[in-house]
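Heads up: the protein sequence lines correspond to chains A and B, in order. Letter by letter, the first sequence follows residues 1077 to 1174 of this note's numbering. Letter by letter, the second sequence follows residues 6 to 234 of this note's numbering.
It is worth saying that the hints were derived from the structure and are not from the lab. Quantities reported herein were computed from a predicted structural model and do not represent experimental measurements. Where a beta carbon is used, it is the ideal one built from N, C-alpha and C, also for glycine. A few of these clues could be false.
Chain A is nowhere near these chain B residues, computed Cβ spacing over 12 Å in every case [stated by the list, open to error]:
no.	residue
1	17
2	36
3	46
4	129
5	131
One-sided and incomplete, this derived list gives chain B residues near chain A with beta-carbon spacing under 8 Å [to be verified]:
no.	residue
6	8
7	10
8	20
9	110
10	112
11	138
12	147
13	219
14	227
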Amino acid sequence: MILISAAIVVIMLLAAAAALLFKNHVAAVASVGILSLALSLLFVILKAPDVAMTEAAVGAGLSALVLALGLRRLGLWQIEHTDTTRRGITDPGSQRDA
Amino acid sequence: MRNLASLLFAAGLGFLLMVFGLQFDFGNAPMLVGQAIQSAAPDQVGAANIVTSVVLGYRGIDTLGELAILFAASTAVGLILGNRHTSTKQDPDSGVILRAGGELLMPLLLVVGLYIILHGHLTPGGGFQGGVILAAAFFIPVLARPSTHLKHTGMSLIEGFSGAAFILIGLAALYSGGEFLQPLLDKGVIGNLLSAGTLPLLYLAVGLKVGAELAGLLAHLAAAETSES
């Protein structure tokens, strides 16, 4: 059990370092979501399912969503590095309809 | 120089945490109050989920404080973001896959959220977790079709009434001779859906308030975003 916990902690540390090092803002937000998801798994292993549900719903879901909406509002929502046009949260296919 | 200083700070903080962490057994809390609550809570509160009996029974006023903080935060977000300009153009509706997925997911998320709220005193979960899922259920249609609007007046009515209901249940306990937010009504059989007195009602109020508040906040954040383009 302690090996699984250690693996989860390593994943969390890697995700946290990735969130700092990624140049792409969307990738950084996604790695913060991965960090929260791994943390909720760790809470399940530590027999705290209540906290795990809160972490999964608030940390991985809601706060990542709020960060993503904030990126969108600031015009930093860019999937590709070279793409300088502002892009919505919808997929590129819907841009044709506009 | 600044990088070196922050590196030193991070290393020191890590060392400190490691020294503290090595003092304890992994996963065993060195506390006595937890054991005391675990032995006393099923008889005193009647909730099968001990966490709920702590959150709403023994520490109900903390939960009220959390609700107040959430309310202040969402009000502040609403004040900062301001209202959407009516003349700004909307995002186009998303593709057919996202729209169909949103319509499929919304009732499922509603059921899951209500289940988690109503079974908060029996299984892990409760008002906050279920409320966030309810908020997601109401926000997904907005993501799929940005032209739809959540009714802000309805949202704030639900939010206000459920917040008031939480405080009124607490005041009712005060009026009937107990402490503020002390569980009332019959405890019932432990493990039944209708048990633990007023705890399910309190969690329903918390869930509706959190759900309405966060759905309103997310819709506000999503709507205000195109205002300058």
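If any of the earlier hints don't hold here, list their numbers in rising order.
-> 4, 5, 6, 7, 8, 9, 10 and 12
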